[in-house]
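The listed protein sequences derive, respectively, from chains S and R. Residues 1 to 113, numbered by my numbering, are exactly what the first sequence covers, in order. Residues 114 to 229, numbered by my numbering, are exactly what the second sequence covers, in order.
Keep in mind that the hints were calculated from the coordinates and are not lab data. Backbone N, C-alpha and C fix where the C-beta goes; we use that ideal spot for every residue, glycine too. Wrong hints could be hidden among the right ones.
[Unchecked claim] Between beta-carbon pairs, the in silico distance windows are:
# : chain 1 : residue 1 : chain 2 : residue 2 : range
1 : S       : R9        : R       : P120      : 26 to 36 Å
2 : S       : K17       : R       : S141      : 36 to 46 Å
3 : R       : E179      : S       : P83       : 36 to 46 Å
4 : S       : R9        : R       : A118      : 30 to 40 Å
5 : S       : S80       : R       : Q115      : 41 to 51 Å
6 : S       : G16       : R       : T165      : 43 to 53 Å
7 : S       : V14       : R       : N143      : 38 to 48 Å
8 : R       : S141      : S       : E62       : 43 to 53 Å
9 : S       : S67       : R       : T165      : 16 to 26 Å
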Amino acid sequence: EAQVTQNPRYLITVTGKKLTVTCSQNMNHEYMSWYRQDPGLGLRQIYYSMNVEVTDKGDVPEGYKVSRKEKRNFPLILESPSPNQTSLYFCASSLNRGSYEQYFGPGTRLTVT
Amino acid sequence: AQSVAQPEDQVNVAEGNPLTVKCTYSVSGNPYLFWYVQYPNRGLQFLLKYITGDNLVKGSYGFEAEFNKSQTSFHLKKPSALVSDSALYFCAVRIVFGGSQGNLIFGKGTKLSVKP
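Next up, chain S with everything else stripped away, as it sits in the complex:
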């Protein structure tokens, strides 16, 4: 089954404790992206990757890092999480940047205390 998976689905952590949210897709997509969803703000793009070893900042990249060492994986790294990073995070992928449809993962709800 074609899908985007994220782990963990739920995470509660404390300020400053490094964490990684994994994202994996099995569709051989070139383009992958991370979004955060906050009430009243919709989805905002954090980082995106157009292919292996090619990443770029989205609209709200501060406090986040990403890597794309393999085509299927696109982890999101929070080196020193802060409470304002409490949010719902979505990973998405598409065949390429110009593809009409993006496929979204199920989301990761992160709480930073």
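Once you have looked at the hints, place chain R on chain S.
Frame of chain S, contents of chain R only:
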């Protein structure tokens, strides 16, 4: 600046009645327009798109949307709402400028509530 606006935070409709979820955009260049739906505790799912051609586009689950260039709008519609249509709906735009395609820009979302 490129932007997408969904002027209603929530839309309430009775089952069987027609529904409209509004979206307007402000972009330079040619827009590609999309609607996505998010059911509770799920990721976003693609509903439909407008790229070019007929201004009325049809998508999944009986939804359709009308592109209006003069009003810079792309409203989502359905002739007869179902309770199962209750969800969060996002309008999105991708800018196409000089042959280059940008990233998706999402609206803030509109919660659709369909009552029996």
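Each hint, compared with the structure:
For R9 (chain S) and P120 (chain R), the hinted distance range of 26 to 36 Å is satisfied, since their beta carbons lie about 32 Å from each other. Against the hinted window of 36 to 46 Å, the Cβ-Cβ separation of K17 (chain S) and S141 (chain R) comes to about 43 Å, which satisfies the hint. A beta carbon spacing of about 42 Å between E179 (chain R) and P83 (chain S) agrees with the range 36 to 46 Å that was offered as a hint. With their beta carbons about 31 Å apart, R9 (chain S) and A118 (chain R) fall inside the hinted range of 30 to 40 Å.
Separation of S80 (chain S) from Q115 (chain R) is about 31 Å and departs from the stated range, judged on CB atoms against 41 to 51 Å. Between G16 (chain S) and T165 (chain R), the C-beta spacing of about 50 Å keeps the proposed range 43 to 53 Å intact. Taking the beta carbon of each, V14 (chain S) and N143 (chain R) are about 47 Å apart, inside 38 to 48 Å as hinted. Separation of S141 (chain R) from E62 (chain S) is about 26 Å and departs from the stated range, judged on CB atoms against 43 to 53 Å.
Taking 16 to 26 Å as the suggested C-beta distance range, the pair S67 (chain S) and T165 (chain R) does not conform, at roughly 36 Å.
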